[in-house]
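Please take these sequences and the hints and turn them into a complete structure.
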Amino acid sequence: MHISPTAFPWLSSILFCCLGGLITILLLPGRRHQEIKWVSAFFSGLTLVLTLNLFLLYDQRVGGLQFVERVSWIPSLGITYFNGIDGFSLPMLLLSGIVFFTAVLTMWELEHRVKEFFALLFLLVTGVFGLFMSLDLFFIFVWYDVSLFPMYLLIAIWGSTRKEYGAMKLTLYLLAGSALILPGIVYLVVQSGLQTFDLTALMRADLFSPFEQKLGFFLFYIGFGILAGVWPFHTWSPVGHVAAPTAVSMVHAGVLMKIGAFGILRLGIFLCPLGWLYWAPLMALLATIGIVYGVFAGLRQTDIKYVIGYSSVSHMGIVGLGLATVSVEGLNGAVFQMFAHGIMTALFFSAVGYIYDRTHTKALDELGGLSHTMPVASGYLVIAALTGIGVPCLASFWAELTVFIASFRVYPLYATLAVAALVVSALFMLRVLQRTCYGPPNERLAHLGDVSLGLGLPRMILVAVILLFGLFPALMFELIQTASIPLLNGLPR
Amino acid sequence: MMDISLAAALTGLLAPLLAFALIMVLLRGRPHLCAGLSIAAVGLSLGSALLLLARHGASPNPLEYSVQWMVSGDLAVGAGVFLDPLSLLMMVVVALICLLVQIYSLGYMAGDPGLARYYGFMSLFAWAMLSLTLAPNLLQLYVFWELVGLSSYLLIGFWFEKYSATQAGKKAFVMTRLGDVAFLLGILLVLAHLGNLGIREMNTAAVAAAFEPSTLTVAILLIFGGIVGKSAQFPLLTWLPDAMEGPTPVSALLHSATMVAAGVYLFARLYPFFSLSPTAMAVCLAVGTISMLLAATMAMVTRDIKQVWAYSTISQLGFMLMGLASGSYFAGVFHLTTHAGFKALLFLCAGVFIHHFETNDMVAIGRAGGRRQLIPLVCMTLAAAALAGLPPLSGFFSKEAVMAALAAQPNPIWLGAGLLGAFLTAYYAFRLIFLIWFPDRVSAETAPENTDAHGHAHAQPRWQVLVMLVPLVVLALPTLGLGGLQTHLMSFLAAGLTGPEPVLPHLPWLPLTASGCALAGLILAWFEFGRRRAPRIGFAERSAFWRSLFAERWYIDRFYRALVDRVIDRGLARLCAGGDRHVIDGAVDGLGRGTVASGKAVSGLHRIMIQHRLGTMFAVIIFLALYFFI
Numbered sequence: 000m001h002i003s004p005t006a007f008p009w010l011s012s013i014l015f016c017c018l019g020g021l022i023t024i025l026l027l028p029g030r031r032h033q034e035i036k037w038v039s040a041f042f043s044g045l046t047l048v049l050t051l052n053l054f055l056l057y058d059q060r061v062g063g064l065q066f067v068e069r070v071s072w073i074p075s076l077g078i079t080y081f082n083g084i085d086g087f088s089l090p091m092l093l094l095s096g097i098v099f100f101t102a103v104l105t106m107w108e109l110e111h112r113v114k115e116f117f118a119l120l121f122l123l124v125t126g127v128f129g130l131f132m133s134l135d136l137f138f139i140f141v142w143y144d145v146s147l148f149p150m151y152l153l154i155a156i157w158g159s160t161r162k163e164y165g166a167m168k169l170t171l172y173l174l175a176g177s178a179l180i181l182p183g184i185v186y187l188v189v190q191s192g193l194q195t196f197d198l199t200a201l202m203r204a205d206l207f208s209p210f211e212q213k214l215g216f217f218l219f220y221i222g223f224g225i226l227a228g229v230w231p232f233h234t235w236s237p238v239g240h241v242a243a244p245t246a247v248s249m250v251h252a253g254v255l256m257k258i259g260a261f262g263i264l265r266l267g268i269f270l271c272p273l274g275w276l277y278w279a280p281l282m283a284l285l286a287t288i289g290i291v292y293g294v295f296a297g298l299r300q301t302d303i304k305y306v307i308g309y310s311s312v313s314h315m316g317i318v319g320l321g322l323a324t325v326s327v328e329g330l331n332g333a334v335f336q337m338f339a340h341g342i343m344t345a346l347f348f349s350a351v352g353y354i355y356d357r358t359h360t361k362a363l364d365e366l367g368g369l370s371h372t373m374p375v376a377s378g379y380l381v382i383a384a385l386t387g388i389g390v391p392c393l394a395s396f397w398a399e400l401t402v403f404i405a406s407f408r409v410y411p412l413y414a415t416l417a418v419a420a421l422v423v424s425a426l427f428m429l430r431v432l433q434r435t436c437y438g439p440p441n442e443r444l445a446h447l448g449d450v451s452l453g454l455g456l457p458r459m460i461l462v463a464v465i466l467l468f469g470l471f472p473a474l475m476f477e478l479i480q481t482a483s484i485p486l487l488n489g490l491p492r
Numbered sequence: 000m001m002d003i004s005l006a007a008a009l010t011g012l013l014a015p016l017l018a019f020a021l022i023m024v025l026l027r028g029r030p031h032l033c034a035g036l037s038i039a040a041v042g043l044s045l046g047s048a049l050l051l052l053a054r055h056g057a058s059p060n061p062l063e064y065s066v067q068w069m070v071s072g073d074l075a076v077g078a079g080v081f082l083d084p085l086s087l088l089m090m091v092v093v094a095l096i097c098l099l100v101q102i103y104s105l106g107y108m109a110g111d112p113g114l115a116r117y118y119g120f121m122s123l124f125a126w127a128m129l130s131l132t133l134a135p136n137l138l139q140l141y142v143f144w145e146l147v148g149l150s151s152y153l154l155i156g157f158w159f160e161k162y163s164a165t166q167a168g169k170k171a172f173v174m175t176r177l178g179d180v181a182f183l184l185g186i187l188l189v190l191a192h193l194g195n196l197g198i199r200e201m202n203t204a205a206v207a208a209a210f211e212p213s214t215l216t217v218a219i220l221l222i223f224g225g226i227v228g229k230s231a232q233f234p235l236l237t238w239l240p241d242a243m244e245g246p247t248p249v250s251a252l253l254h255s256a257t258m259v260a261a262g263v264y265l266f267a268r269l270y271p272f273f274s275l276s277p278t279a280m281a282v283c284l285a286v287g288t289i290s291m292l293l294a295a296t297m298a299m300v301t302r303d304i305k306q307v308w309a310y311s312t313i314s315q316l317g318f319m320l321m322g323l324a325s326g327s328y329f330a331g332v333f334h335l336t337t338h339a340g341f342k343a344l345l346f347l348c349a350g351v352f353i354h355h356f357e358t359n360d361m362v363a364i365g366r367a368g369g370r371r372q373l374i375p376l377v378c379m380t381l382a383a384a385a386l387a388g389l390p391p392l393s394g395f396f397s398k399e400a401v402m403a404a405l406a407a408q409p410n411p412i413w414l415g416a417g418l419l420g421a422f423l424t425a426y427y428a429f430r431l432i433f434l435i436w437f438p439d440r441v442s443a444e445t446a447p448e449n450t451d452a453h454g455h456a457h458a459q460p461r462w463q464v465l466v467m468l469v470p471l472v473v474l475a476l477p478t479l480g481l482g483g484l485q486t487h488l489m490s491f492l493a494a495g496l497t498g499p500e501p502v503l504p505h506l507p508w509l510p511l512t513a514s515g516c517a518l519a520g521l522i523l524a525w526f527e528f529g530r531r532r533a534p535r536i537g538f539a540e541r542s543a544f545w546r547s548l549f550a551e552r553w554y555i556d557r558f559y560r561a562l563v564d565r566v567i568d569r570g571l572a573r574l575c576a577g578g579d580r581h582v583i584d585g586a587v588d589g590l591g592r593g594t595v596a597s598g599k600a601v602s603g604l605h606r607i608m609i610q611h612r613l614g615t616m617f618a619v620i621i622f623l624a625l626y627f628f629i
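Chain order of the listed sequences is X and S. Using numbering that gives the first Met the number 0, the letters of the first sequence correspond one by one to residues 0 to 492. Using numbering that gives the first Met the number 0, the letters of the second sequence correspond one by one to residues 0 to 629.
Treat the hints with care, since some could be wrong.
Unchecked claim - Here are the in silico distance ranges between beta carbons for each label pair:
id, chain 1, residue 1, chain 2, residue 2, range
1, S, 212, X, 56, 30 to 40 Å
2, S, 611, X, 490, 50 to 60 Å
3, X, 471, S, 601, 52 to 62 Å
4, S, 360, X, 471, 48 to 58 Å
5, S, 544, X, 440, 55 to 65 Å
6, S, 584, X, 446, 33 to 43 Å
7, S, 9, X, 72, 26 to 36 Å
8, X, 56, S, 278, 53 to 63 Å
9, S, 556, X, 231, 32 to 42 Å
Stated by the list, open to error - From the structure, some residues in chain S lie toward chain X, with a derived Cβ separation under 7 Å:
id, residue
10, 149
11, 193
12, 213
13, 285
Just so you know, these hints were derived from the structure itself, not from any lab. We treat Cβ as the ideally placed atom computed from N, Cα and C, and that holds for glycine.
See the structure below:
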């Protein structure tokens, strides 16, 4: 009822675009693989255009919530269909749009159950988009589960290495997370006495007692933290990444893990700021352990996707450390890192996926010499690895730098450890490159062709995004600031 | 007025970046166009560097142009250019040597299948190095500091099919990264106390007030850690000799003349800031001295021609740091400048020999008739004499300046070490020269005419020989004449320094003593390697103990190997990976099994015999009764 006739419902149109893609795919006959792929590419491309459009239309001088849509759904329970985006959710929408489109393109060579695959992928992404734009706790929870449920099937059917185990482990972990989130939501809604699930209404500073905030934050932190790969709840993530097919790994590491961090931010920090302040030291501790632990564990891996999985644990630790600093710089860095890491892992998995489809192996020992046969394909891998190391002028450098700067003021010891982990991360990433791309020409792989322009397109887009935000970090920081500065200013101290 | 300078600086900086982007994205299939583009770009950089030098060389006020690169909360990072005598001088040196090396590479790398990639990486390096040189703040400097490290990694591992090359690239990156971690922590510390990272702001005396003295020392030493890594000083020195796995022009450009000198440049850049802490300066002096002597000993026993020059690079960088750390800004920067010239020359000459004889072994080169390559050999002899510090070559003057600074130190041990270093330098430099000029036997006139490992035919076109010789001759000029410009350079550089340069005592005996030491080294080398009946085995090589100590690089490499193997790979990494599998996953899987088991137990309650079910019902009723009635 609050959709004003003049404003176009941009946010809902993204959801409808995903649903439209889903329905069109379901209507197509399953054997028409090409048509299904083109339809998927069209609708995912359209969502990318829509998110880009939002990125351009969002007024940074005004800041705050924009493109708000509100329709009352179940008034007796206070549930509304309530969407809106701010400087935190917009980067996530953009990230989802980019990763979704490139993931669809990456799966262009899929031949097995094409229709089901893309249908489930669209369903998954609908949930992701819905979650990032929704401002109603009920809907957030619903979207969360919508995005989790297809994951099990996607991994169990199209996956590889120990796929049943990986799928089951991932699903159980994430359900355990939602078993903490739901009580958290219900608890806060009931305690507020407002009869509403409206996030903005529940954000009023004096609504919850300190105890309620501490409890609520803890539930959200652990619940969403499982999804964000917070140590020690991270072990589902390497296993899940390895088992998943390429596009799912991309969406999963690129976007779904960000849902976890975003949930902590949107629910935990927005609703329970006192809980945030209270639990921040614990967050910093776990995040630092994750950063250091991830790089060391990654050093021992022999499967290239495991290596990426553990580097994700480490990189998501940087997000956690940024959030734990309770500062503008830390939040900026954390959200930027969510974005940058999403793009980077998408590129990583996409590059590895291409190589895996050709060589049918992910074992580091069996690869080697790829730069001879597929220089461009391994070039993408090199760029992804360099981004992971934190080479300047590639996106995640700025995110890591700001987090280091912010955390050095608050937790000098943790920051020192996190910075020192850079050496080990360089060591293991370069080892991966040395064993895959470099070395004498590999006869077993000599007949394989390099990536063609069309198949290389998704990786090209991702590299362009990494370079764009690496060279012009202000594009992203200025957007995030519109949300982080008001949040910090409104903080009860 | 200002706009022309700004435009020149931007052109000089961005032209190589543009070349890099074009080469990597569009032109990979056309290597000759890539080479031309890259050379044109760096030529443009040199032109703008010279223009800037002409316009601002005499001006006492540094120029700074900055724009906001990124703002995040309180943190603002600027990007821009900072033009003062030091950065202008460095810019000219970097651009000149980049240009010469890229021209030389036309001949050296001719026919290599990766030529386009090579010139792409060279352009990337030129961009990063020039931006580092002109950085107005420490963060920009750090950004490009990392990027030159990256281009170094890419260029060392350029022949990626060679395991040793990729290994060396990785080692270089990780070891310098270790120093960079310290550097970054130092930056964070300075930022936390000062709130600003501008070079100009850091170089004021007022900075000392913002720090506790001990914190200031720690911050300086942390930043110095970055210098240790980048300039391959003790204890992070062993990556540099391994970096010789890269193509020789790369060694000439990155691993001797410019990139490794970036560490020394940073020291000079922050010289007033560094001199705020005498403790830190003392540590720097000690590190420079140790590195200088260690590397000189290593150079005495190796037979690999590039290795000798690599060790001597470490040693000379140590000399520069000694000069700076003992309080003479001018000595360090002057030695940096002269060294860039003659060291690039040494490597480029070595490249001619390696290219022609297909071996790095100096003895083999001598026996194969190395002295028939007259122009390179003469150039190399000149440059080696400059390296040894023999008058009237450039190295004599700059090394003399360093010695004067050392002589001003209260403790004579530093001067003693410096003189010993001069002796060793002359010895190992002329050991190499004599082994090529006067081999014990010259093989028959069968110069190899076949193709070498990288597939270029050896009957080289004439133009290729020529493009390799011209840069040698050009570089020989500053080696000969730069010493004469000492006073000019001194006043030029002094204009950019805020603090007062200490007046060094004029010691007439010092030049004589220093060049006497060098001459002694030369004579010893003559007796051992030059004269007709020379044993051709050095004094250090006779004893097995010393030989293995020096050849094994004082066992520093073994220490690192063991550290990575035992502590990191088999220790911490195994701990974390094993912890993941057994402890965390073990607990989770155990929880899963426990859940299944308890489910079975519960299901057992109402599945088996009727008396069990009745028992369960009875128990439940009892419990409910207790709950409701009590």
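How the hints compare with the structure:
1. At roughly 54 Å, the beta carbons of residue 212 (chain S) and residue 56 (chain X) sit outside the given window of 30 to 40 Å.
2. The beta-carbon spacing between residue 611 (chain S) and residue 490 (chain X), approximately 59 Å, falls within the hinted interval of 50 to 60 Å.
3. The hint said 52 to 62 Å for the Cβ distance between residue 471 (chain X) and residue 601 (chain S), and at roughly 60 Å that hint holds.
4. Separated by about 50 Å at the C-beta atoms, residue 360 (chain S) and residue 471 (chain X) satisfy the suggested range of 48 to 58 Å.
5. Checking the proposed 55 to 65 Å range against residue 544 (chain S) and residue 440 (chain X) shows it is violated: the Cβ atoms sit about 43 Å from each other.
6. Evaluation of the 33 to 43 Å hint for residue 584 (chain S) and residue 446 (chain X) yields a pass: the beta carbon distance comes to about 39 Å.
7. Residue 9 (chain S) and residue 72 (chain X) have their C-beta atoms about 56 Å apart, which leaves the hinted 26 to 36 Å range violated.
8. For the pair residue 56 (chain X) and residue 278 (chain S), the beta carbons lie near 57 Å from each other, so the given range of 53 to 63 Å is met.
9. The hinted window of 32 to 42 Å between residue 556 (chain S) and residue 231 (chain X) holds, with their beta carbons roughly 37 Å apart.
10. Because the smallest distance between the Cβ of residue 149 (chain S) and any Cβ of chain X comes to about 5 Å, under 7 Å, the interface hint for this residue holds.
11. Proximity of residue 193 (chain S) to chain X is violated relative to the hint, the smallest CB-CB distance being about 13 Å (cut-off 7 Å).
12. For the restraint placing residue 213 (chain S) at the interface with chain X, the shortest Cβ-Cβ distance is roughly 15 Å, beyond the 7 Å limit, so the hint is violated.
13. With 7 Å as the threshold, the beta carbon of residue 285 (chain S) stays out of range of chain X, its nearest partner Cβ sitting at about 24 Å, so the hint is violated.
When each numbered hint is compared with the structure, violations occur for hints 1, 5, 7, 11, 12, 13.
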